[in-house]
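Just so you know, the sequences run in chain order A and B. Note that the first sequence covers residues 1 to 117 in the numbering used here. Note that the second sequence covers residues 1 to 117 in the numbering used here.
Be aware that a few hints might be false.
Given that identical chains are not distinguished, each listed pair holds provided it fits within a single copy or across any two copies.
What the hints assert, rightly or not - Below 20 angstroms or equal to it, Euclidean Cα-Cα: the simulated SDA-like pairs (lysine to any residue) are:
(1) Lys10 <-> Val68
(2) Lys10 <-> Val87
(3) Lys109 <-> Ala8
(4) Lys56 <-> Glu74
(5) Lys109 <-> Pro72
Hints in this document: simulated from the structure, not taken from any laboratory.
Protein chains: 2
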Amino acid sequence: MTSTINLADKLSQFDDHWSPRAVAQYNGNDIMVVKVRGEFVWHSHADTDDFFFVLKGSLDIEMRDRTVTLNPGELFVVPRGVEHRPVAREEVHLLLIEPSGTPNTGDPKTAAARKVI
Amino acid sequence: MTSTINLADKLSQFDDHWSPRAVAQYNGNDIMVVKVRGEFVWHSHADTDDFFFVLKGSLDIEMRDRTVTLNPGELFVVPRGVEHRPVAREEVHLLLIEPSGTPNTGDPKTAAARKVI
């Protein structure tokens with residue numbers, strides 16, 4: 001990664017939901033932006049924590065025993081193995097970090113193809 | 001990490017410069033906030049990339065062959081092994097990610113003690 005990454009600029013380049021775009025690499029992790037709206041699927045990642053940072057909007061992260069709500073400037077790390085379901089009642093913009101190749105649904109068969117912008 | 005992290009709240013809890021506070025953990029990495037002002041030391045990290053995301057202010061990251069300037073909402077990853085010097089002409093607030101235990105100066109002898117809030 002050799003240039004400055006402006007997240008608003010990257011987010012202006014696409015409109016689809018639940019399809020993360022990798023904007024930088026950090027030690028084998030993808031730094032990603034994504035737009036989300038509505039309910040995602042319940043899933044977990046056996047091998048990695050799941051980092052969420054809200055840039056715009058308000059995101060609920062439902063877990064089996066509780067729900068956390070993230071507003072802009074707030075972050076949450078879902079520990080590995082913990083089932084969760086992100087729910088966005090409006091369009092939400094997120095910064096995500098996951099090891100490169102992590103399926104966003106927890107399952108390679110249903111995962112969105114990883115895109116780079 | 002089991003609760004929502006509000007970065008503005010975390011940043012309101014300290015005023016010193018160049019002393020990162022870990023606010024969350026992600027796969028053995030510290031997610032940190034820091035306030036900086038002035039010139040840091042030239043350094044590099046042989047074993048890790050160095051992630052910078054600007055929350056407030058404008059940060060120059062000088063490298064031997066060029067300088068990048070980061071404004072709020074912009075990020076940059078200094079590749080491992082690349083010498084760099086952060087320079088903040090005003091107070092700048094940053095989100096940083098580094099493997100837990102990484103010395104912020106690249107040298108354990110001169111590094112700031114890692115604090116957790």
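Taking the hints in turn, this is what the structure says about them:
With identical chains, the CA atoms of Lys10 and Val68 are at most 20 angstroms apart between copies only, with a shortest distance of 18 angstroms across copies and 27 angstroms within one. In this assembly of identical chains, Lys10 and Val87 lie within 20 angstroms of each other by CA distance neither inside one copy nor across copies; the values are 22 angstroms within and 25 angstroms between. For a Cα distance limit of 20 angstroms, the shortest separation of Lys109 from Ala8 qualifies neither inside one copy, at 30 angstroms, nor across copies, at 39 angstroms. Both within a single protomer and between protomers do Lys56 and Glu74 lie at most 20 angstroms apart by alpha-carbon distance, with minima of 10 angstroms and 15 angstroms respectively.
When the C-alpha separation of Lys109 and Pro72 is checked against a cutoff of 20 angstroms, the pair qualifies neither within a copy, at 31 angstroms, nor between copies, at 37 angstroms.
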